[in-house]
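Engineer: What follows is each chain in one-letter form.
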Amino acid sequence: MEKHRILVVDDDREIVNAIAINLQNEGYEVLKAFDGLQALDIISNQNIQLIILDVMMPKMDGLSATLKIREEKNIPIIILSAKSEDTDKILGLSMGADDYVTKPFNTMELMARVKSQLRRYLRLGDVNVANRANLLQSGGLCFDLESRTLTVDGEPVRLTATEMKIVELLMRFPGRIFPAEEIYERVWEEPAYRVENTVMVHIRRIREKIEINPKEPKYLKVVWGIGYKIEKI
Amino acid sequence: MDTKLKKSKPFTAWICFFLGVSIITGLLISVFITLGHSRGNWDVLQDPFIDYRESIAFKQRTADYYGQLFSLAAASSSYGASYIDATINSLDDEGINLKYYAVNKKNNFLVQNITSKPSSLSDSGKMPALPAGYNYFWYFDGQKLREIDHGKVIDIKRLDSVYPRELLDYSFNRAPAGDYSDVQVLLAVRDNLVKNPYAYSKYYGDQQFLSIIGWICIGLLVLGLLLLVFAIINRPSKREYDRKLASWMGRMWLEVKLLLSLLFLVPWGIFGIRLFPGWGDNWFNRVLGIAWVVCIIIACLWWFYLILIDLIVNRQKFFTHNLLNSFLSWYRKHEKRYPWQNSMLKRAYMLVGAEAVLAIISVVFLLAASGSGGLALLPALLIAGAGIYLIYRYLKRYDETISDLGSLMDHIELIKNGDMTTKLEIAEDADIYPAVQNLNSIQEGMDIAVTEMMKSERMKIDLISNVSHDLKTPLTSIISYVDLLNKEDGLPEHVNDYIKILAQKSEHLKNLIQDLFDLSKASSNNLPLDMEKIDLPRLVKQTLADMEEPIAASGLVFRVNTPDEPVYITSDGKKLYRILENLIMNALKYSLAGSRVFIDLIVDRNEVTVTIKNTANYEMTFEEDEILQRFVRGDKSRSSEGSGLGLSIAQTFTEICGGSFSVKIDGDLFKVELRFKTESAN
Chain A
1 MEKHRILVVD
11 DDREIVNAIA
21 INLQNEGYEV
31 LKAFDGLQAL
41 DIISNQNIQL
51 IILDVMMPKM
61 DGLSATLKIR
71 EEKNIPIIIL
81 SAKSEDTDKI
91 LGLSMGADDY
101 VTKPFNTMEL
111 MARVKSQLRR
121 YLRLGDVNVA
131 NRANLLQSGG
141 LCFDLESRTL
151 TVDGEPVRLT
161 ATEMKIVELL
171 MRFPGRIFPA
181 EEIYERVWEE
191 PAYRVENTVM
201 VHIRRIREKI
211 EINPKEPKYL
221 KVVWGIGYKI
231 EKI
Chain B
1 MDTKLKKSKP
11 FTAWICFFLG
21 VSIITGLLIS
31 VFITLGHSRG
41 NWDVLQDPFI
51 DYRESIAFKQ
61 RTADYYGQLF
71 SLAAASSSYG
81 ASYIDATINS
91 LDDEGINLKY
101 YAVNKKNNFL
111 VQNITSKPSS
121 LSDSGKMPAL
131 PAGYNYFWYF
141 DGQKLREIDH
151 GKVIDIKRLD
161 SVYPRELLDY
171 SFNRAPAGDY
181 SDVQVLLAVR
191 DNLVKNPYAY
201 SKYYGDQQFL
211 SIIGWICIGL
221 LVLGLLLLVF
231 AIINRPSKRE
241 YDRKLASWMG
251 RMWLEVKLLL
261 SLLFLVPWGI
271 FGIRLFPGWG
281 DNWFNRVLGI
291 AWVVCIIIAC
301 LWWFYLILID
311 LIVNRQKFFT
321 HNLLNSFLSW
331 YRKHEKRYPW
341 QNSMLKRAYM
351 LVGAEAVLAI
361 ISVVFLLAAS
371 GSGGLALLPA
381 LLIAGAGIYL
391 IYRYLKRYDE
401 TISDLGSLMD
411 HIELIKNGDM
421 TTKLEIAEDA
431 DIYPAVQNLN
441 SIQEGMDIAV
451 TEMMKSERMK
461 IDLISNVSHD
471 LKTPLTSIIS
481 YVDLLNKEDG
491 LPEHVNDYIK
501 ILAQKSEHLK
511 NLIQDLFDLS
521 KASSNNLPLD
531 MEKIDLPRLV
541 KQTLADMEEP
551 IAASGLVFRV
561 NTPDEPVYIT
571 SDGKKLYRIL
581 ENLIMNALKY
591 SLAGSRVFID
601 LIVDRNEVTV
611 TIKNTANYEM
621 TFEEDEILQR
631 FVRGDKSRSS
641 EGSGLGLSIA
651 QTFTEICGGS
661 FSVKIDGDLF
671 KVELRFKTES
681 AN
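For the record, the sequence lines run as chains A and B.
Following the numbering used here, the numbering of the first sequence begins with 1 at its first residue and continues without gaps.
Following the numbering used here, the numbering of the second sequence begins with 1 at its first residue and continues without gaps.
To be clear, the hints were calculated from the coordinates, so they are not data collected in a lab.
Be aware that one or more of the hints could be misleading.
Stated by the list, open to error - With a straight-line Cα cutoff of 25 Å, these simulated DSS-like cross-link-like pairs (lysine-lysine) come out:
id	chain 1	residue 1	chain 2	residue 2
1	A	K83	B	K574
2	A	K83	B	K510
3	B	K664	B	K589
4	B	K574	A	K221
5	A	K89	B	K460
6	B	K144	A	K3
Bound conformation, chain A alone:
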């Protein structure tokens, strides 16, 4: 298998090096850039499969670079930033980035996100078009109604029967918030009484299986004080 090339961009050389070492350990080929312009230069000359991009950089910041890259290329971009607020994340994602990781990051988590983005990017064409009608999809989350399997970025996830039912219910109505009682009644098919805990425990388990960082879920979210939903992406 050919090595995937990843471009790491940050004005802090130590961070770039640390990320590079980790990526090389995972078997990727790494290119380094230390500002936005350099990154754009490399991207236009080299064949690259993924970019890890810092926001606050000299010459050209990460958000402008993202916009520039998106004008031509569809390669996954993971933004790496010290800005941790929701508004910063939303801004980064709306500029065309695929993921947003806050500094200081967990190396394992970053590696997982890189893998997941690459999988999704490289296997996008694999999805059988004819089967689309039987697929429930939300971002990298894909539920096949026929084979009753769930894949995250192409990687199959093993779920119990109850968990599968919950995911199916939530994925049929992405974005809709389900209270615990409704989930219970429709999945367990029993009248619901004090089921918050039961449902929440299942939700948490599903999250641990499908989310890279269950503390900051991307797909399956708790709407505090209201219910649960799968994000419509």
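Given chain A, work out where chain B should sit, using these hints.
Structural biologist: The following block gives chain B in isolation, referenced to the frame of chain A:
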């Protein structure tokens, strides 16, 4: 030079207007007086422009002389010698311009200055013989009066003109009625009137005066019209000066104006006729008399013109600028020297005093009025009116002050509610103006202070944001390399231990920075909120389920008591989760092993309270509010994990989410209470 001319242009225009109107009005008045004197005979106006012989003045003069002579002859016996002499003297003043002859055969009366052939006059009915150059004469032959001009006889009775006939009637009327057959009277006027070197000839004077007065009048008329036309062309300039005059007039008190008006009116109304010196015999006196009347009328006219423009320009000020108001404004200035409460009281006392004085004066005048008739009634009424006006002004002022006080109180309320920009506008002469000004400057000061505070708060936030960013970047490297070290194989055991400690501490530092950042943002209200309708018991249950693992690992028993039906509040769910998470983590960390943690959710009317109670695993030696201070931890040793910001974050977040947060300590019992306002279910 140029500017000076421009400056004086309004004055010039106004003076032209003044002179033009004065001259034309004067001429009109003179004409009316003349017409009035001639009893409406318009022909009198032609006199200056026709031959003197044809003029009414000549005929009037002749008729006058003739009447005097005739009455002398007709009733000579009834007059004294001195009267006869005086009459003859006045005829003789004409000198050679007048020849007369009057005879009454009945009592042998004869006066004459015709020396030639007196005898020829003795025949009744015969024309008297006259020297050459006297071709105009009046002659009564005992039967009939004739006016003869160059031999042409004009029957006076047949004259179309009313004027001489009436005069004639008047002349005859002066003589006693009766038989005049013995009377013959002749009066002849010289063809060429000459000056009498010894006395004043009225004929000659009349001729001279009439020959020039017409041209003078026409000249004046033309001049007046020209001036008026000039003034009309320069109307704006004239109006400008009108306004200037009005502003001068405006400085005059109303009372003075009224008094002056009265002074102008009284002589005209009461003494006007008497002031007219009469229609003198002498043209000079006559002109002087007319000029006098004209001057009085024109002066009145201009006075009322001034009053009129004053009224038009100054409007209400015309009435409000009076003695009473000036006194009141003087008093107002005067009372400003005293402290506010003194001046307010003093004002009330002054009113009572002034009213008393006015009442007494009024009563005195009333008593005088009952004695002297109605004349003193007017001042009594005026003084009573002034008293009522004073009360009105006092009450009006009182009303204004009360309403100003009201708006002052409203404004204080406004400031209390945080409005720092709206200024209270109030009349500068209001009683509470200084207080309002002070309040406004206090407000301004507060506004500046608040703005400064907000600015420094914002700077603090920026600082914290930047610092946290600058802290995070090196920390990222630390964590990354510690992680790389961690993966390194074949290191000695003790090095692995060191690396583990490094990993723990850098993780701790990361949490601390994030907590600090969140807290600073929240406590400066810079945290965006996502307010929603939330079921609070559900949120508590979700949080507990979410934290199931650490709870189970702690070995503590949780006693949760929440209502089954939803309790809705409007808040930010994520923040509420963070609050509960922090509080539960706190309880897990500091609870006595094996003890129970109680979580109760109680609804009381429109308030819901969440209580978390746990038994501390150490002695709580701090005050309740001390624990809420940032970085304060229950255990002073600071041995455990955590930033020490957990409770502070919980408190700050609760407050920005619209709730209230309190901590109670009772022995080993640590109790946190969160209170929120409930929403109705729909």
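Engineer: Hint by hint, note whether the structure agrees.
Structural biologist: We went through each hint and held it up to the structure:
1. A/K83 / B/K574: 19 Å, holds
2. A/K83 / B/K510: Roughly 13 Å separates the two Cα atoms, so the pair holds.
3. B/K664 / B/K589: Holds: B/K664 and B/K589 sit about 18 Å apart, inside 25 Å.
4. B/K574 / A/K221: Status holds; Cα separation ~11 Å.
5. A/K89 / B/K460: Answer holds: A/K89 to B/K460 is near 23 Å, not above 25 Å.
6. B/K144 / A/K3: Distance ~163 Å between B/K144 and A/K3 Cα, so the pair is violated.
Hint 6 from the list above is the single one not met by this structure.
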